[in-house]
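Start from the sequences, fold in the hints, and give me the full structure.
2 protein chains.
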Amino acid sequence: MDVQFINPVLKATNEILLTMAKLEVKFGNVRVKKHDETVSCKSITGLMSMASKDAKASIALTFTEPVILEIANKMLPESKHAIDGIVIDLVGEIANMVMGGAKRYLEEDGYSFNLAFPTIIMGSEYLIAHRTTAPVIVLPFKTRTGEFFIEASFEQIKKA
Amino acid sequence: MDVQFINPVLKATNEILLTMAKLEVKFGNVRVKKHDETVSCKSITGLMSMASKDAKASIALTFTEPVILEIANKMLPESKHAIDGIVIDLVGEIANMVMGGAKRYLEEDGYSFNLAFPTIIMGSEYLIAHRTTAPVIVLPFKTRTGEFFIEASFEQIKKA
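From first to last, the protein sequence lines are chains A and B. Start counting the first sequence at 1; every next residue gets the next number (the numbering used here). Start counting the second sequence at 1; every next residue gets the next number (the numbering used here).
Each hint should be verified, as a subset may be incorrect.
To be verified - With a Cα cut of at most 16 Å, we get these calculated EDC-like pairs of lysine to aspartate or glutamate:
id: 1; chain 1: A; residue 1: K42; chain 2: A; residue 2: E70
id: 2; chain 1: B; residue 1: K42; chain 2: A; residue 2: E70
id: 3; chain 1: A; residue 1: K34; chain 2: B; residue 2: D84
id: 4; chain 1: B; residue 1: K11; chain 2: B; residue 2: E107
id: 5; chain 1: A; residue 1: K42; chain 2: B; residue 2: E125
id: 6; chain 1: A; residue 1: K34; chain 2: B; residue 2: E125
id: 7; chain 1: B; residue 1: K34; chain 2: A; residue 2: D89
No lab work stands behind these hints: they were computed from the structure.
Listed below in structure tokens is the structure:
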């Protein structure tokens, strides 16, 4: 896992939330994810996979319900008090924008990715296992209403 | 959504479960997924994204706990009574094999995909939202112990 990959994801997420939702965040301490870490309160995750000839990446952006409602209420015209279809769409859009931003930054570093669809997961207790041989890095954030976190794992494909 | 894509996924899944786990399955009726369909019993999902210049695909393979334990107990040397890290790894391997098989069949049809990592989700109640503009097709299966299902959505990218 390479910091050269974490930074584009971090930059893209931060820029999008700041630009689109005027969301001010505090960065927490970066750590390696443990295998059995579980999302344990009502949350919504945008899962993103990226693949190229040279590298694969798996990214998860998980918002606790209060944080995604804070974001939704800054971005949407109507007021949201619970996660619904429109909020799910919003997380999909945020995931698309994060992938697009990270892709642009990674292109500057010489990686060319085809972007897949993001997938959204919602629940109150679920485990996300990224199937990578590289460690999964967790970047926690705090906003006024609660926490969200980015998980990212990046693997360069060895040339034969 | 094109049957030319569903068939490779279906064929790959069926072949792998038959070859690796000697799992005999009954096919259910194919249907279009509703937006709010939720996994509502202990289950494990292998999520797969595929992207190429020409097309994107999102696939989810969801096993209820009894079915994945039936498969695990046919494939693994030790007996499993609950989903653990080894069973999670097994679902990752099955997802990798399904993606690899589907990729090969799709190459015969002229599509060249870079494969991303699968991601595994485990929980007792969760919603999976595929972020595609194409419908999500659900293919249900029955085994001796219970149900599992494939969700798949496939979108060709329009040329400018």
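- prompt: So which of those numbered hints doesn't the model satisfy?
  reply: 2, 6
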